[in-house]
Each structure stands twice: as structure tokens, then as C-alpha cells.
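Colleague: Working from the sequences, and respecting the hints, build out all of it.
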Amino acid sequence: MNPPLSVINPCLNICRMDLAGKYCQGCGRTPVEIGRWAQMTDAERAEVMASLPARQSWRSRAPAPTP
Numbered sequence: 001m002n003p004p005l006s007v008i009n010p011c012l013n014i015c016r017m018d019l020a021g022k023y024c025q026g027c028g029r030t031p032v033e034i035g036r037w038a039q040m041t042d043a044e045r046a047e048v049m050a051s052l053p054a055r056q057s058w059r060s061r062a063p064a065p066t067p
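Counting along the sequence shown from 1, when you hit position 2 you're at 2 in the UniProt record's numbering, and nothing is skipped either side.
Hint data in this document are derived by calculation from the structure and do not stem from the laboratory.
Heads up, some of the hints might be wrong.
[To be verified] Listed next, with one range per pair, are the computed distances between beta-carbon atoms:
(1) A43 to L19: 17 to 23 Å
(2) T41 to L19: 30 to 36 Å
(3) T41 to A20: 24 to 30 Å
(4) A43 to A20: 26 to 32 Å
A quick note: this is a predicted structure, and the numbers were derived from the prediction, not measured.
For every residue, glycine included, the Cβ atom is placed at its ideal position computed from N, Cα and C.
Modeller: Following this line, the structure appears as C-alpha cells:
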């Protein structure tokens, strides 16, 4: 059993995959990363967390949704 998570889960409860099915539109993780999160070491979680800003950079380039 892993010790309590010291790297916070990035889940935002917006669980939708992008059109390519590669990344979650909410947290930016892959389906494999989401599924393995609880079993990952802190080092593995930290590595995933470090990759999220680059993965989510598309948000700042996307046009704002219309009301």
C-alpha cells in the first residue's frame, strides 16, 4: 500500500477527453495516468504534474466559448 499522497491530485472533476482521446480536458492527464494515479510514487506524480502546464497551454490559445 502506498503512503498518503503528498502530491495533490490535479483532477478538476471535468472528466472529458479531448477529441483525440489523448488528454483529459479538465486535468490534462492521459487515461493511463488517471488510472494509475493512486499506484504512482510521489516522484511519478510529480513528473506528471510538471508536464501538465505544457499539455494545457492550448487553453490560453482557444477562443472563448460564446454564451
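Colleague: Each hint needs a verdict: does it hold in this structure or not?
Modeller: Taking the hints in turn, this is what the structure says about them:
1. A43 to L19: 17 to 23 Å: Because 31 Å falls outside the window, the suggested range is violated.
2. T41 to L19: 30 to 36 Å: At 31 Å between Cβs, range holds.
3. T41 to A20: 24 to 30 Å: holds, 28 Å
4. A43 to A20: 26 to 32 Å: Hint holds: Cβ distance 28 Å, inside 26 to 32 Å.
Checked against the numbered hints given earlier, the structure breaks only hint 1 and satisfies all the rest.
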